[in-house]
Amino acid sequence: MSFQESARTNLTKIRSRLADREISPGILFIAPAVLLMLVLITYPLVETFRLSVHNLTSGGVEEFVGVSKYVALFTSDWFSNVMFNTFVWVVGGVALQLIVGCSLALLLNTKYPAKSVIRAGFLIPWVTPTIVTAIIFSWMYSPQFGIINELLISAGLIESGIAWLGTTDTAMFAVIVSALWKQFPFVMIMVLAGLQGMDESVHNAAKIDGAPFFARLRHITIPALMPVLKIVLLLTIIWMFNQFVLIFTMTGGGPAGATNVLSVKVYRLAFEQFRYGDASALSVVMIMMMLVFIFFYIRALRKRGESI
Amino acid sequence: MSTASYESDLRKWARYGLIAVCLLAVLFPIFWMLISSLRPRSAMFSTNPSLIPTEITFEHYRSVLNREGFVTSFVNSIIVSIGATIVSVTFATLAGYGWGKFEFPGSQVTAVYVIVTRVMPIVSVIVPLFFILQRLGLINTYPGLIASYMVFLLPLTSWMLIGFFENIPDNVLNAGRIDGMNELQIYLRIALPMAKPGIIATALFAFVLAWQEFLFANTLMQSQDLQTVPVMMYGMMSRYTIQWGDLMASSILFILPVVVLFVGMQRHFIRGITGPDT
Numbered sequence: 001m002s003f004q005e006s007a008r009t010n011l012t013k014i015r016s017r018l019a020d021r022e023i024s025p026g027i028l029f030i031a032p033a034v035l036l037m038l039v040l041i042t043y044p045l046v047e048t049f050r051l052s053v054h055n056l057t058s059g060g061v062e063e064f065v066g067v068s069k070y071v072a073l074f075t076s077d078w079f080s081n082v083m084f085n086t087f088v089w090v091v092g093g094v095a096l097q098l099i100v101g102c103s104l105a106l107l108l109n110t111k112y113p114a115k116s117v118i119r120a121g122f123l124i125p126w127v128t129p130t131i132v133t134a135i136i137f138s139w140m141y142s143p144q145f146g147i148i149n150e151l152l153i154s155a156g157l158i159e160s161g162i163a164w165l166g167t168t169d170t171a172m173f174a175v176i177v178s179a180l181w182k183q184f185p186f187v188m189i190m191v192l193a194g195l196q197g198m199d200e201s202v203h204n205a206a207k208i209d210g211a212p213f214f215a216r217l218r219h220i221t222i223p224a225l226m227p228v229l230k231i232v233l234l235l236t237i238i239w240m241f242n243q244f245v246l247i248f249t250m251t252g253g254g255p256a257g258a259t260n261v262l263s264v265k266v267y268r269l270a271f272e273q274f275r276y277g278d279a280s281a282l283s284v285v286m287i288m289m290m291l292v293f294i295f296f297y298i299r300a301l302r303k304r305g306e307s308i
Numbered sequence: 001m002s003t004a005s006y007e008s009d010l011r012k013w014a015r016y017g018l019i020a021v022c023l024l025a026v027l028f029p030i031f032w033m034l035i036s037s038l039r040p041r042s043a044m045f046s047t048n049p050s051l052i053p054t055e056i057t058f059e060h061y062r063s064v065l066n067r068e069g070f071v072t073s074f075v076n077s078i079i080v081s082i083g084a085t086i087v088s089v090t091f092a093t094l095a096g097y098g099w100g101k102f103e104f105p106g107s108q109v110t111a112v113y114v115i116v117t118r119v120m121p122i123v124s125v126i127v128p129l130f131f132i133l134q135r136l137g138l139i140n141t142y143p144g145l146i147a148s149y150m151v152f153l154l155p156l157t158s159w160m161l162i163g164f165f166e167n168i169p170d171n172v173l174n175a176g177r178i179d180g181m182n183e184l185q186i187y188l189r190i191a192l193p194m195a196k197p198g199i200i201a202t203a204l205f206a207f208v209l210a211w212q213e214f215l216f217a218n219t220l221m222q223s224q225d226l227q228t229v230p231v232m233m234y235g236m237m238s239r240y241t242i243q244w245g246d247l248m249a250s251s252i253l254f255i256l257p258v259v260v261l262f263v264g265m266q267r268h269f270i271r272g273i274t275g276p277d278t
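Protein sequence lines correspond, in order, to chains Z and B.
202 is the number that this note's numbering gives to position 202 of the first sequence; each next residue is one higher, with no gaps.
60 is the number that this note's numbering gives to position 60 of the second sequence; each next residue is one higher, with no gaps.
A portion of the hints provided could be inaccurate.
[Claimed, not checked] Capping the alpha-carbon separation at 20 Å, the derived lysine to aspartate or glutamate pairs in EDC-like fashion look like this:
| id | chain 1 | residue 1 | chain 2 | residue 2 |
| --- | --- | --- | --- | --- |
| 1 | Z | 303 | B | 9 |
| 2 | Z | 115 | B | 183 |
| 3 | Z | 111 | B | 7 |
| 4 | B | 196 | B | 183 |
| 5 | Z | 111 | Z | 200 |
| 6 | Z | 207 | B | 9 |
| 7 | Z | 111 | B | 9 |
| 8 | Z | 207 | B | 183 |
| 9 | Z | 115 | B | 7 |
[To be verified] Here are the simulated distance ranges between beta carbons:
| id | chain 1 | residue 1 | chain 2 | residue 2 | range |
| --- | --- | --- | --- | --- | --- |
| 10 | B | 136 | Z | 274 | 40 to 48 Å |
| 11 | B | 140 | Z | 219 | 53 to 61 Å |
| 12 | B | 197 | Z | 112 | 34 to 42 Å |
None of these hints come from the bench; they were simulated from the model.
Just so you know, even glycine gets a beta-carbon here, dropped at the ideal spot from N, CA and C.
Next up, chain B with everything else stripped away, as it sits in the complex:
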């Protein structure tokens, strides 16, 4: 929609100003987190904090990096998030192709099943899931936690990928069939490469969701050296005296990978939210 041609200069600048004010308000919490992570401990608790710090220090970052278990929890988060992303996207690309490109008895019913599972409250399955994983000896293990992440990742990634595979024209796939490829070859050599942008968007989504997962990690990883970062930070948060500076520094370190991914691949993210048609 172009409004520029009908708009006076005054209104145009008022609009720019409004956008700028809104953006600053939205980004203020992030800015405040960054400032708080850089301020010396003494300035943290002054009764009249200035918005721009007069003195910058990295003491909180040093303290956090030396904290016992901090680096371990980062390694745990990386292993679990990457593992969960790979597993869910592998299963979901197969499933998305199956639902997106084939009609078979039960295809509608099973697609509705995906939607239902996608929005089920996670707390409603966590008790039985805990017992199942316990019986299999998977509590306190990476595979156990990765399996539990499939509860929310698999329906979501499958659902996203159905849309992306649906957009591949049937003719292209039929051309492969005429050339004598079998169904698996068509999937691997034609469908997968054509759905690549969608697969990237889906994988980014899966990673971001796995990276911030808290409920399963808090419940299924009970030993200290298997904690993920969100669980460790929750521990820091629920102490009697909270080291806010350390918490801010670890939050900054924790959101860094996600923000870098997001800034680098913004278009994929947006396609992931709004679907394949945009």
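Chain Z on its own, in the form it takes in the complex:
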């Protein structure tokens, strides 16, 4: 067998092998979106990491500074305050949203007239743009002419108007309430969908056996809702953790840093103080915390039977 001949047979072998292992059309379908996400999300994320360990000097020359920005961050006078505020903001907001959202879902999962209209009414806050939520609540919280102060004064509960957003003791609570108004419908509608997908017969059997409302809630409804509740909990945590617009436009992180949370602090460091390196380091801290939530979120999705 000549060399040429063996080369030819080898070539046809390779060709047929390549033809067998054709690229799945699935890859071609996802390619455009994945490429765009790589350019617009992954590359900037990598850049954020890089900026957090380099110094940008005036000539545009970069010098590697290791973890010194992180050290400066953790030892700065504002860091613990920002972490604490973020914790209060997320935990307080999530707790209120879950309580209100779940209670309303249970209430609306009954028979009543004009069902779809009423349900739509409860969803209006959720479609209200965040900036408008911020504007309405700022107006209602207004110290002199705000309706909340007017109502409290006429009810005799307070003597003079409170600057809800301008007082360090009340500002965080006030913005959490605005977040509650905006986001509880999400919890409500998810839980409502979960309730409607439940098997009624178990519930009715318990009812006939005389199980009171809270016993049914604890032993039937909540266990059956658990997969949905876990996902709702994680999505609400993520939403609160990432929320920027509400706080930034209502208080700007103030007064005296009382509502300064991670997202607002990153923005201020970057676009008001132009400390890009510090902003990037703080971003990396945010991303690391977010990865923990994502881990649990993906686990919850898998438990619910999604194919990821």
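For this one, chain Z is given, so just place chain B on it according to the hints.
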């Protein structure tokens, strides 16, 4: 769950009453915004405002519509939101079909990648993204802002559409393959029409999110005549003396398109939140 058969009349009416009170409380901020936008300037700052206005005026609406840059910012918001919706849904329908209907090496890893990108804090990418767009000369341009919106729209819309495409039975697609259609024809002629309700729900979501976006618009559109409505309203909000009446009127005008869309297409919205199985 039917509770009616076990319930006394008294409890039934108590329940109706509770629902009504909750609904009124939830809608009060919207109601108050509407009232405040219709009250004359003088009544705005009375120390004892009545809940129902005695006098109605459209002066705030007139003043806002005559405000410099107001109409321009609306046009900007419309261009950017519609542009971002079209671009994201186009890419996401392709991607959702790819992930939803094909198994290929790396399909799981890339699907997890979508979830991770979907929940990443936006502030953590905005600094590098600003520099990238600046290098490309895309700061202060519509395409630049639309591209930045893909950061949050693309993962979300792709993720939503994966679920909707997964629900299409494989047999239908295989029937197309047996008929000799190629993969692109199957996608265009079978998968897309069948996923239409999901695509509508996803597009509505994308539009509502783009319509209210503030962070990118505030950072990447620095010239006044390229502002979107949320940025313009933030400007009105951070003045020393705030014209509350004007702010309320512009808020009403701004939420109008979203509320109309929502009321008209409520079922699509709900399907969008809770997923394809409901």
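Checked hints:
With a C-alpha separation of about 42 Å, the suggested pairing of residue 303(Z) with residue 9(B) is violated against the 20 Å cut-off. Pair hint residue 115(Z) plus residue 183(B) does not hold up; C-alpha atoms about 43 Å apart against a cutoff of 20 Å. Between residue 111(Z) and residue 7(B) the alpha-carbon distance is near 11 Å, which keeps this suggested pair within the 20 Å criterion. A distance of roughly 18 Å separates the Cα atoms of residue 196(B) and residue 183(B); the hinted pair therefore holds under the 20 Å criterion.
Pair hint residue 111(Z) plus residue 200(Z) holds up; C-alpha atoms about 14 Å apart against a cutoff of 20 Å. Restraint check for residue 207(Z) and residue 9(B): satisfied, since their Cα atoms lie roughly 18 Å apart, inside the 20 Å limit. This hinted pair checks out: residue 111(Z) and residue 9(B) have alpha carbons roughly 13 Å apart, not beyond 20 Å. Between residue 207(Z) and residue 183(B) the CA atoms are separated by roughly 53 Å; this puts the pair beyond 20 Å, and the hint is violated.
In summary, the hint linking residue 115(Z) to residue 7(B) is supported, as the alpha carbons are separated by about 18 Å, within the 20 Å threshold. Judged by the Cβ atoms, the range 40 to 48 Å given for residue 136(B) and residue 274(Z) is violated: they are separated by roughly 21 Å. Our hint of 53 to 61 Å for residue 140(B) and residue 219(Z) holds, since their Cβ atoms are close to 60 Å apart. The beta-carbon spacing between residue 197(B) and residue 112(Z), approximately 27 Å, falls outside the hinted interval of 34 to 42 Å.
Checked against the numbered hints above, the structure violates hints 1, 2, 8, 10, 12; every other hint is satisfied.
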